[in-house]
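Turn these sequences into a full structure, and let the hints guide you.
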Amino acid sequence: MSKKYILAFVIIIAVALGIGVWALSFSPTYSPPQSNNSTQHTDPDWTFPPESGPATPLPDFRPVVDKVMPSVVSVTTEMVVSSFFGQSTEYVAGSGILIDDKGYIVTNNHVVEDAQSIYVELADGRTFPANIVGTDTLSDLAVIKIDAVNLTYTYWGDSSLLSVGDWVLAIGNALGGGIIATQGIISRLNVSVNVDGNTLYGLIQTTAAINPGNSGGPLVNMSGDVIGITSVKIVASEVEGMGFAISSDEAEPIILDLIRYGRVTYPWLGVGLYTVDPSLAAALNLSVDRGALIVEVVANSPADTAGLREDDIIIRFGGQEVSDITDLVRAIRASEIGKEVEIVFFRDEDIKTTSARLVERPTP
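Numbering (this note's numbering), first residue to last: 3 to 366.
The hints are simulated quantities; they were obtained by calculation from the structure and are not laboratory data. Heads up, none of these hints are tricks.
Straight-line alpha carbon distances no greater than 20 Å define the calculated SDA-like cross-link-like pairs of lysine to any residue that follow:
(1) 104 to 72
(2) 147 to 261
(3) 69 to 106
(4) 104 to 133
(5) 341 to 364
(6) 147 to 255
(7) 147 to 136
(8) 147 to 254
(9) 69 to 102
(10) 341 to 357
Shown next as structure tokens:
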């Protein structure tokens, strides 16, 4: 290549580079589009607000444990189990709580149900056979009794004074390994849970750990008073910290009936029910979005005699507002057998009133 062509080539490259550098040097700088509100809510002087005061320390649970632990008992039941290979004896662990110095112990019905024999071990190591005073399947409560002296008992508390967030202790014979205490808070109140087709009402939900063997043991407040009887735990791989106790207020009249009469009598209306909520009301084009929808009326029952029908929606019972099944069931249970109660209900778009004389619930 001649010198003339080499020189021309170099000049072209130099000019091209010069133009590129010049273009790069003087082209406007790119910036992303700015929101019109990008600085409207900013504050360069912002900091986290100061604490209102020192953090509240955890409560001291030791006085509560010292007070309650001597009245909590281990309950062991002996059951005869039949299988393909014949009969065998099975031992099941549970818990209970002494409620007086005469030897009455509250526990769960499912702890002592079908037991051939029952043994109770006290905190001081003494062991006694126990007799069933009374059981109630609907509430899952039972009372048993031992013949012993020098018994330490725990006072019955008032669960109506509880609030979500209150500290509580669950004490019982967890996993059959002896009496232990676990702490937690109250998560919810007045919960209903269906267990094997039976709905338990007035439950306390707690984060206190409840394990097999805890059933029948007490849930106590920070004064050491019994405010619940541990009963149910929801078990699932995705679920943690969902234990339930029968509230002391719900349990009290049942325990009194069991000790006084050996059984519990429930008033009975004779209806099958379904809760009405806004979703159901919209789906079925109902006239009201709350109440208890009647889906079945038992023949010759108080409901049948009172003229109630399927698809009627009860909104008031015995002077109590009814927003769901729980409201109605609790209003029925609070009623007197043999006494007439006023029932207000919707039939299609009309509000009607009737009265029913409740009878004793038939034996299942």
